[in-house]
Structure formats: C-alpha cells, structure tokens
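Student: Sequence:
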Amino acid sequence: MVILCVAGIFFTGQSVRAQELTVGIPKEATITGQYFTLGDIASINGDDTERIDSLRQIRLGHTPQPGQSYVLAGDILMARVRAAHVDLTGITWQMPKQLKVTALAQSISGQQLVKQAKQYLKASATGEVMITSAGQPQDILVPPGEIVFNMALPYGIRYNAPTSISVGVQVAGRPFTTAILRFDIKKYQQVAIASRALNANEPITADNIIFERRDIGRLVPGYFTELDKILGLPVKRQLAPGIVITENMLGQTVLIRRGQPVTVTAKNGSIEVMVSGIALQDGSKGEFIRVKNINSQKVISGQVIDDTTVRANI
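Under our numbering, the sequence shown has 256 at position 253, and the numbering climbs by one with no breaks.
Please note: incorrect hints may appear among the correct ones.
List of simulated lysine-lysine pairs, DSS-like, C-alpha gap at most 25 angstroms [to be verified]:
(1) Lys288 <-> Lys270
(2) Lys125 <-> Lys232
(3) Lys239 <-> Lys190
(4) Lys30 <-> Lys125
Distance ranges between label pairs, derived from CB positions [claimed, not checked]:
(5) Phe214 <-> Arg240: 40 to 48 angstroms
(6) Ala200 <-> Val278: 24 to 32 angstroms
(7) Gly262 <-> Ser198: 32 to 40 angstroms
Think of the hints as simulated: they come from the structure by calculation, not from any bench. In this text, all values refer to a predicted model and were calculated from it rather than measured experimentally. Beta carbons are placed, not taken as given, at the ideal position from N, Cα and C, and that holds for glycine.
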C-alpha cells in the first residue's frame, strides 16, 4: 500500500511537471497584419501542445501603422492575457516591464508612383502626348506583401488643365491606401492654319491652308485636323496669315444660287407635292430662303435640302 502511494505521488509529480509551460516575452518585437497575438511576440515552451496553441492565439492589440511603433506596459499585457479566459495555471512568465511593438514595412517611393501613373496615362491617351508630373509625391510605407497598383481617371484626361489620377495601392490582396497624383498633359496635332491672308467669303482651298503641329490644349475648341472637312467652305471674315482655322470662322457652302431653278416640295400628311420654283436668294444647307412658285407666282419660304431642292412650310 505504501509503495502504491509513493508511486502515485511520483507519477502525479511527473504529470504536473509535464504540464508546466514557460512564456518568454522580449522587450521589443516586430509584427505585421491587422493585429498581433501572444504567439507573434513570445516564445512558448512546454509539452502541452493544445495549451500552447490556445496561448498563441491570444490577441494582444492592433498593429501600428507600417514602420511605426508603440509601447505596452507589462501589466497591461498581462491584463489582456487574463481577459482571454484561458488556463494560465502552471505557467512561468518572463515578462518585461514594457514591450515596444514595431510594425514591419516596405517603402514605395514617390518616383515609383509617378512611373506607374505615367505608364497608365500613356496607355490611356491617344496620339502624340507629353506627360509631366505636377509635383513629386511623398514616399509611402506599406505592410509586407505583394504590391498591386490600381489606376483610375476620375475626371478623364485634360489637355488644358491638370489631370488627376487615382493610384490605389493593394498589398497582399487587400486595399491599403490611395494616392492622388496630378500631371500636366500636352497633346500635339497637325491643325489647319491660314497660309496667307484670306478675304471674307473666300473659300478654303488646298492652296490657302497648311497644317502645323500645335499644342491643342492651348487652342480654342473647333479647330480642324482634316482638310476634307473644310475644303470649299467660305470664311466669314478676313483672316490673318498663321491663324488657326476654327468652326466659328467658316460659313456653309452655298448650295443654291439666286435665280437658280429649284424643286419646291411640300408635305401635307401623307401627301407630298412638288412644283417648280426659282430661288430668290443664295442658300446653304439648312438655311431658309425665299423661292417663287413658277405656276402661281407666289413667293414662299423654304429650307435648303440639297443643291436642287427646297422644302416649303405649309
């Protein structure tokens, strides 16, 4: 009986010692992720793997911003451990008076951000462009992990004002931050220029127009890049040589001349009537001119449809 008791004491003692754990927490630790656990900062030794796993999962706090640090007092650490409601019996603690926690980080330079944005802008713009960064963005610190850039142009590309581009930074598959960069973008095109002085009502020809390379962001809207779109159109007023030709400087080609025979059409419901007439005015497409009906000798107003047709309003 005595032997059995002694043996029981001996083996019970062995069992208690087998359950003992040692937890060592350093004075400083580097971490990553959204929050850190006891397992992230401490060395936990012992034979009870189940208890060790439970201890390792105890959450101690949020991770600071990448590259930044904060300090936790030892008693606060211990209070957070106890708040986890895990079995803490038989644990030897090696606890410092305070723990400095620093978040791991990697740097993305402002130059790298500009490079990524420029590549996106070049792919988005068409034709000959010159892209210049409007300032140098600051370097940013992000957590460790694979970096992916997501670009967007919230207001599109502008050639007469700074263009804003949104650079979203994704780390390890998760959005981290967004940087807004601005660029000056110049686009160059060959535009129609008066090669000499043009008189009012003089038509555009291949001889009095040349094409020159210009920064279109500095031009008034309505410039032309193709001769076919303005060939034969009259200028409304006298133009100086070297001026950029725009829409508001040009009239329409005269399709019908005064005294020209025309067909006058009129429609009443499903019935369309056509009569012969004489134009009393010059007219371009879409303009309203006076026309005399040859049969009735009445003067009516009609809209120029083409070079032989006027549609009357009835």
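Student: Indicate, hint by hint, whether the structure satisfies it.
Tutor: How the hints compare with the structure:
1. Lys288 <-> Lys270: 19 angstroms, holds
2. Lys125 <-> Lys232: Violated, because 29 angstroms separates the two Cα atoms, which is more than 25 angstroms.
3. Lys239 <-> Lys190: 29 angstroms, violated
4. Lys30 <-> Lys125: 50 angstroms, violated
5. Phe214 <-> Arg240: 40 to 48 angstroms: About 22 angstroms separates the Cβ atoms of phenylalanine 214 and arginine 240, which means 40 to 48 angstroms is violated.
6. Ala200 <-> Val278: 24 to 32 angstroms: 45 angstroms, violated
7. Gly262 <-> Ser198: 32 to 40 angstroms: 34 angstroms, holds
Hint violations for this structure: numbers 2, 3, 4, 5, 6, all remaining hints satisfied.
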